[in-house]
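Take the two lone chains, each set in its own frame, and fit them into one complex as the hints suggest.
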Amino acid sequence: MNRGHRHGAGSGCLGTMEVKSKFGAEFRRFSLERSKPGKFEEFYGLLQHVHKIPNVDVLVGYADIHGDLLPINNDDNYHKAVSTANPLLRIFIQKKEEADYSAFGTDTLIKKKNVLTNVLRPDNHRKKPHIVISLPQDFRPVSSIIDVDILPETHRRVRLYKYGTEKPLGFYIRDGASVRVTPHGLEKVPGIFISRLVPGGLAQSTGLLAVNDEVLEVNGIEVSGKSLDQVTDMMIANSRNLIITVRPANQRNNVVRNSRTSGSSGQSTDTSLPSCAPPPEPSLEPGEDDSDDDEDIVIEDSGEPRQIPRAAPSAESLQSLTQVELSFESGQNGFIPANEVSLPPVASGAGTEFETRAPDQKLLEEDGTVITL
Amino acid sequence: MMKFRFRRQGADPQREKLKQELFAFHKTVEHGFPNQPSALAFDPELRIMAIGTRSGAVKIYGAPGVEFTGLHRDAATVTQMHFLPGQGRVLTLLDDDSLHLWEIVHHDGCAHLEEAIHFQAPSRPGFDGASGLPSLAHITVVLLVAAGDMAALGTEGGSIFFLDVPTLTLLEGQTLGPDEVLRSVPDDYRCGKALGPVESLQGHLRDPTKILIGYSRGLLVIWNQAARCAERIFLGNQQLESVCWERSGHTVVSSHSDGSYAIWAADTGDSPTAQPTVATTPYGPFPCKAINKVLWRSCASGEHFVIFSGGMPRASYGDRHCVSVLQAETLVTLDFTSRVIDFFTVHSTRPEDEFDEPQALAVLLEEELVVLDLQTPGWPAVPAPYLAPLHSSAITCSAHVANVPAKLWARIVSAGEQQSPQPASGASWWGGALGLTPPLRSHEDGTVRFWDASGVALRPLYKLCTAGLFQTDCEHADSLAQAAEDDWPPFRKVGCFDPYSDDPRLGVQKVALCKYTAQMVVAGTAGQVLVLELSDTPAEQTVGVASLDLLQDREGFTWKGHERLSPRLGPLPWPAGFQPRALVQCLPPAAVTAVTLHAEWGLVAFGTSHGFGLFDYLRRSPVLARCTLHPSDSLAMEGPLSRVKSLKKSLRQSFRRIRKSRASGKKRTVAGSKLQEANAQLAEQAGPQDVEVTPVQRRIEPRSADDSLSGVVRCLYFADTFLRDAAHHGPTMWAGTNSGSVFAYALEVPAAVAGGEKRPERAVEAVLGKEVQLMHRAPVVAIAVLDGRGRPLPEPYEASRDLAQAPDMQGGHAVLIASEEQFKVFTLPKVSAKTKFKLTAHEGCRVRKVALATFASVACEDYTETCLACLTNLGDVHVFSVPGLRPQVHYACIRKEDISGIASCVFTRHGQGFYLISPSEFERFSLSARNITEPLCSLDVRWPRGATHIRSRESPKLSQANGTPGIILAPQSCDGSPDPICKEADTPEPPEAMLSPMSIDSATSADTTLDTTGDMTVEDVKDFLG
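In the order they appear, the protein sequences are chains Z and U.
Counting in UniProt numbering, the first sequence runs from 1 upward without gaps.
Counting in UniProt numbering, the second sequence runs from 1 upward without gaps.
Source of the hints: derived by calculation from the structure; they are not laboratory data.
From the three backbone atoms N, C-alpha and C, an ideal C-beta is built for every residue, glycine too.
A hint or two may mislead.
If you want the footprint, here are the derived chain Z segments under chain U, 3+ residues with CB under 8 Å [said to hold, decoys possible]:
#	stretch
1	40 to 49
2	166 to 172
The list that follows gives simulated cross-link-like pairs (lysine-lysine, DSSO-like), each with its CA atoms no further than 30 Å apart [to be verified]:
#	chain 1	residue 1	chain 2	residue 2
3	Z	Lys167	U	Lys896
4	Z	Lys188	U	Lys836
5	Z	Lys226	U	Lys836
6	Z	Lys52	Z	Lys96
Chain U with its partners taken away, still in its complex shape (with noise of 0.2 Å):
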């Protein structure tokens, strides 16, 4: 009856309203850093800046929350960008040779970037042969000439060609043969040769008619476009790889190919010149490598700044990836430890300034930006209010904490204020400073950081490093000891990127962390569980460290993965911030593969793939240890190493069959062709039995109990509710296997003296209570209890301090057990099931994540849904309602082939969530139709004709999908105060990015954010292989 009615549910018309009341998906936001950034641009005059990247998208950053992100329809390499300047739009090459021209255009009070009009350069060789023209194949430069209006186009054959840029159309007959420069060249210089692609065109700054060409040759050409003539020639005799303008126009700088860079005389001396007046190779003697890239920039002091890139002696340092800053007597060889892309500096661009005075430098490299102050001594690096890596070292599991409560806000965000300060001294430590809410995203090398969520641009807030509690066998203080001895070149180590872990027991598994008390569980690969409390003092102490065996007493197992980190002894020094408080190895020192606190009862519960143990971290004493091992199940006890193995054989055995169709393949192509036509034809006929390579079988065959693995803890709850019977409810937890194994324990917690922060000296004890195995042993993903409502348990503290409507402890609790592939809810203390959906054997997709969520309606303010979200291995979104578990919508939001992605997603409390899209972007997501982050930017600017005020602002809103305003976020927005805004637009300057600390996440419902793993396993890959 009941079934019957649910199932008509879906055909009901006033639910289907509400649906689209509660639920809408969009991809709203991308977090993080490009990937493969390959080109920059920078508008002095509105101060936005632009990255291109290698599949093609376009980001423009603006103030921090300013973004606009716009996508080639062809997935190529964005090689160039350049600004019209003052007018919002940009002009991008693709390595296709296609133009494109960006523009920012206003809808609804919200701006956007769309392609206006796009120019594809006609490259048939055909084409010039008939008219006698050169070709218009290959792009290799582009410059905007006359305030944006026109662009010259060098080309590979070495003319240069003029567009109108508002219509992008050839202008016809300006084109400028490399035959036409030849005729002013002397003819020794010539000598047959051809001048080669056009490298480097410059404009001048005051002079628009007069454009500086260089030639890969080495010619440098100063062509009056107005007159059509040569007014300058520098013979360079070197190959060219980029020449600057001086501003003044009276000095020109190229580089070259083989380390050495040159200053010619623009207003002195005759025509042709045949010498610089300096030519020197700043790493020689010895064979350098080419300088991609010089700027000169002139100050009023006199001292000007020569800054390139490359250059370095080829066989010592031929790896670096530099950029050489140099004024005066000055030297710094900025060492990145990824490739540069391309740099710029802030500076006056106004024609009436005499000079430059640059104040900033900016670096875009592979996997980061790097700001250097010019102008305060040292040039110490800034730290950018945004495109802070993500992944200064590897991701490796992702959480974030909604409402965090404002008082702990305002502390983390002082102990990240304290740790800023510090210089920028090993790469791997490099401090990231500033900022709010987290997702806690922790990482290979042990650390924990904690970034501000809540608006558009994610923020670092605070660095949490485990490392300093553990002898490693690398220390960093040794590395940075022998770079310092080298002092020539003069290295200097910048930027946070540092791809590699001194050790990879470090690496955090799982984060937890209590938002009331701001105690945090950190745990790692070697087993090792760390207890955290927030202080804001710097203090000394010694960590006790208790160690728990998992295996019992399991006899006949041999651990053969890597040893248990040594923790230091003794008293430590710890700064402000989170400080350890209890250090539990588990043993084996297998890494932890769940974890949950329950700061109220000062429990917290660690699973490996041995089994789980509970310590009591107020009494720093062991509770309880289980092995959750098969008997028959030697393979775990191995080690990480059994994994690792059997994924190296199922790699083999993949190589071997594609080995062996392409072996196949060649035999069939001996054969005649007349031979492969009847068989095609017999292919063709004989349907699917013909088929000659061996193809993809998939065995059926159910899980077995003793498949490996299957003593992996994966999921780990408290809750307090009924286990033994209907009358008394109390403290209990939840540990769910790899194997459909579910144990729950009924824990006795001895009652806190009123008011006391103190337990009494009681032990807790744990009693198992229930021990459920599900039939079908499909890993158990998440467990969570639901109250007399239907509604999830609240969070400890939230209902004692008031914070979330305390759980209906008088109707019957349910506990809801979401496995890979079903959900089961079960009532309690009698655990029998009540409803369930089984989603594998409906749409054959298994569950990778669970969340319950709060889903809001846009249509009526107070009404909310608790739903359960999930996504699939085919990288789709499911939303089901709780607890009739009746599926409600689904989206596509994955690739299916994106495993990384699926891997890394994390969900919110209030239906949004995340993924990796790049190894250093975020996606953020959103499944509520009210709760949605989205930048709704604006950038005022001055179009060609009208001149208006140029202003860039922020408003990042939590705003209903279709368009009504919604509950403002971060209040940051400029409102209030627009003038500071419009001054510190500029994109990397600001050395204090402004930022007020807020709690994200207005809708206040209690619900809880289910553990998820964020490990890729075997069956992943398995996917992403078949």
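Same shape as in the complex, but just chain Z (with noise of 0.2 Å):
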């Protein structure tokens, strides 16, 4: 309180924010002009210098308000952090290849200190597992939670990235009841539940899912009427751009909106009211225009005759092929990158080139990928 008070009198009409660097075990002060605290790229050097590790790779994050960890590695999170500090700037260096990446992330410096987000979060005492996040460079969204402003809010609109991950989609599902308000008061429906999280899957570790979470629709098509097996069937058709409309077992989590009467939120009001459920998106209509999630790979023959006399023989020029098959399975989960197709092993075949013609924005999209061969 008494040091809070010092540095917002002394600094704050300066218009400068204390920093204070912690780098291994040694700590670093000094003063950054809040209202032009640069770039950070500039920032990034700053901090090098006056830990004296000119040449060392680091990772930079900060404390926050609520006392998480951020990563600080582009100016917008930079300015962020300058912008939020109040009234000191806590940095934390990591060298790279040491770095503990579950140290970033939500509520990851509440052990050590006790702030008062406690109060702001009832929840946050039950024990969580760390959530490993890969480098920032790295980020990819792996779930959303989309069309929030067309869905009642009991409802909850998730889609789930499969592709480029190695993690499992990881749930379950099963049959069950569900009740609905119908004009004939309450009733009881089947309906489809989630019924198992795998720990360590795509599902569990987006939050956005839970057991008992009733399934709604599946990429847009409603799941009513539909067993147990068909939508078992429809979610693994669409598992590569999942998206789930589910009525969340717990609803306190639900986004209060202004456009509705606020506090509702507990209460499943809308119980899906067949005019309740909004039409869907126009990107969720499967077969529309989904030619982003589902590119098929072909690989082509250079078109020059191989012989292929006979069987026995032809083992050769069979081999080169599977080395080619090889040579493209590493990059089967989606995205291959430019530089990995552009050097496969050319094994036997003289005649076999192999050039890139995709167009750079495919081989941007993080899925199919066109080779030739």
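Here is the structure:
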């Protein structure tokens, strides 16, 4: 209190901000101009300078107001860090090679410091396993809540991006009964529910799906009237870009929107009167325009007739094909970096040449790639 | 833009109208032998036969092609059937004690079997108690008396009720109770015991007032219904099974539960008669089983027939299914492979004739109908013109070939005719005969049977047996020789139903036929691929054997499955018919999963679970072998065992689950009822969260690349198309696997010298052109190339022989790839997706069978559309436009629990299909509004009033759905010559059925029936368990 007051009085009027940076066991203190923080590159250089580690790659993190350790790796989050620091910006530096990525994220510092976020988040005492977050530059969406504006607030539409990850989707569904409001009063109707989340799976790690959530739609198609097996097949068929609309069993975490009467989230007032179901977003309509999610791999031969006179001698040419197959096997999960494609082993086929013919934007898409051989 | 327009099409009224003109769903005919028959009846006047089944179906058969089918509302077993002679009506008794009267009624020129009225016996015990009348519960026998106007019902209680048949009302006051009969029985016989149930009721041919009643205890009574008195009484002491009244009425034959039958003289001696004139136990002296039914038929020669079922020595032959025919000193024991249901003789029923003179004996067995000619010495079996059992060996695969050229047709028929005169020797090699257009059905015992599917009755044409080429462990000759050694009883093997396969490796997995060159490929369970050619003369020749290693040099895999079949070396004699030309053995010898033939190029392609190969059978040299195994897939290599294991495992798991749920159920019952109630209430309130037993869960996980069985080749396809560049087209071969991979090879087929049949001696070459990995990795079910107009390419030779429109080689070609989850059309030669439909993502169902079919419009003669017909794992049939892949119509066709039905489905090229509804029956269905094969039969019957000429005729037609006249399909319908039909209208009699070779399916258009796999997969079973 005392210290904060002092700094607030001392540096605040000058428009500067105190920075306390920790690398290993060493601390450095310096100040920055709050109004002109500069670029992240400069800040990074400054940190290397003050810690005297000019040639060491480091990860930079800061403690935000909730006590979470968040990364600073670009101008945006650097500015965010500076603007939210009050009064002190606490910086944590780790060597990149020994970085503990699990240190980043929500609640990471709470264990060390009991900040008053306890008051704001009554449920943060429950144990949560460490969530592994990959390198910030590799960030890509794994899940998102979509169509919040058109869905009733008791529903949640979750998009799971399976591709590019080694994680299993990791959930199970089961049959069950759900209570609906009908003109004849409450009625029990069969429904499909999430029955289990596989620890470490994509579904669990998103935190957006939970056991006993009722599945209402799969990629925009209602599941009512469909059997468990049908819904299973639908989900698997869409597994590369799965959009599930659920009615969460726990309705307390719902987004409260202005357009609706607030505080109604606890009640399932909506319980799916048919009129409530919003028209599916055009992008959800399968078969409409989903060329992005389902690009098949085509390998073409150069067209030069390779001699396969009979089965036995054809072994060598088959071998070369096998290798070709292996070369894209590595990238089969979707994204095949251009450099990887351009250097496959040219084994025996003298006339075989590899070239990437796919347009750039295709390559940037994370699933399908056309390779010409 | 385009997509928007397509989407709108669904609501377009014009398109909707066109759809109605193109598509309509009908289940038309059931082919094959009724499953689980339980009752038999024969009307000697109309010469029609009825079979009832345990599921309550009633089927009436007349002349070949005349068929009527009806189904009782309740799925109860039909226990008895009786024709009202000459009326086309049949009275059925079900095991729920209800009587039903069926009649053949005519609607707009076409007759149907309909239930007219039914009668449910009042079975409340209180009903009789109050009135003092005996109970009408448990009807045991039915007898029609007075030309079918009245029926006598014998009951378990021993009383006989009388029923007015036209109204099915009980005639009160005529009931004959056992007490009334007992009054005329001597006291010492009575000795306080009941007579037991009525076992048999027989009417007198000439005197309708007399009824012969047989009681279970052994008492036989000739009852005069008019005088209401017992005319004769025979005091039998052995438990009665059946009685038969000789036509003159002088003799009564009774059969008994100890395997004996007794002959009683009815006109001499005094009443009551205590002793029969003769009592014999034909298969004594050791204890015998009961004689269930006995018939006595007199002949002018004085040597009467005694025909009975059962009665075999209990210890030695108690398990045989036998019917014995005895005439004078001649006894033949007909030894059947399945249970005897009932039998009858075809004989004179005119009262004025003095003798029965039986012509034929028809025996209905559990699995087939066998007819014996009793007038020819030796009593040979007559091949029935219909009701041929499809399933004489388990059906492993079916294929349908449409538009068979008349020439090939005639050759197959003649090959079949040469087979038929062979004596019915081994049960397994019984030669089916006669014929027309095939569905080919291949069987577990290594045979391929050709059936004529053009008409209503499926007729066997020709049977090809491949087993002769291989050395198998068990040779037939041995077992036959052994059977011959036993001379008592004089067994004679009859019938063709043989459920036991000699060697499962002989089983046929896939067949392909080129109808223009009469060349055929038959591929089997042990990796054998046989190329055959039709020859009109017997020949002796050596079959060239080549083996092809599909693994290539993949190391580290071992085959743990069955060994390959060893072929017989040296020249072998082959009868006229399909004779083998070349044998290719895949290594490892896994079952062949796909096969295709291109006779024009002389190539055959085949695939197993390990890879696929291409073989040039003209030069007898392998062209290509490609392994499709995923590098990490070691399971597939272990042979069929791994699959069995996993199935076993999943079965075990499901049993455990059942047991667990039972156990937990028990626990709950142990707890007090109050607790239970509370629990139940809680359960209702708590909603979905409270399910105690672990519910069935399904894991949501996409296919991974290294699923086992990923290397299974699912389809192979030849096409002349643009694979390498847009300027040059040429022969290509396509292969699709279980893991969604498609391989396309460009083939270098040396062009044939103009006019010459032989190709130059250059080798065929294959070059890999394209490889497509479907991202969703679902099994590829079918591949087809569409020409510039979006039509499928014609079959080999079709275009060059002007039998089909030449494909459009100008516009861009496209390839349609159907996987289990979606359909996709890719452009050629640059493979880029053009249109697609994601069926599974939309409907949650998976594709099981797919075929391109041509649909003709009912409104416009020459308007046709090619569409994609598809059967899903839910049993629904969907039709999609091609190449737009827009859903057109869908119908529920098969129950989704009926896995074998779904697995057996085959589509024809003109929008019809077949699937197994039971192991012995094919249901035929039609998706086309125009192309329908259904029985339009009529039966001219003499109703009680208004006598008309008796005639039954057949006219299977390609009719329109709305009943307007269509194209007559089989011109053997009797318009020109009705007389032979009415003569031959009797069921099993005519040894030569009238058949006229005809090509079926009149519509002319080229399309391709895509190959479909008939295998039942583990998934199917899972579907069923789940």
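Problem set entry | Residues of the stretch 40 to 49 of chain Z with Cβ under 8 Å from chain U, three needed, outcome | violated (count 0)
Exercise. Hey, Z/Lys226 versus U/Lys836, does the alpha-carbon distance stay inside 30 Å?
Worked result: 23 Å, holds
Exercise. Are at least 3 residues of the stretch 166 to 172 of chain Z within less than 8 Å of chain U when you compare beta carbons?
Worked result: Holds: 5 residues of the stretch 166 to 172 of chain Z have a Cβ under 8 Å from chain U.
Exercise. Is the Cα-Cα distance between Z/Lys52 and Z/Lys96 30 Å or less?
Worked result: 16 Å, holds
Exercise. Is the straight-line distance between the alpha-carbon of Z/Lys188 and that of U/Lys836 30 Å or less?
Worked result: The given pair, whose Cα atoms are some 38 Å apart, is violated under the 30 Å limit.
Exercise. Are the Cα atoms of Z/Lys167 and U/Lys896 separated by 30 Å or less?
Worked result: 33 Å, violated
Figure legend: structure checked against the earlier numbered hints; hints not met, in rising order: 1, 3, 4.
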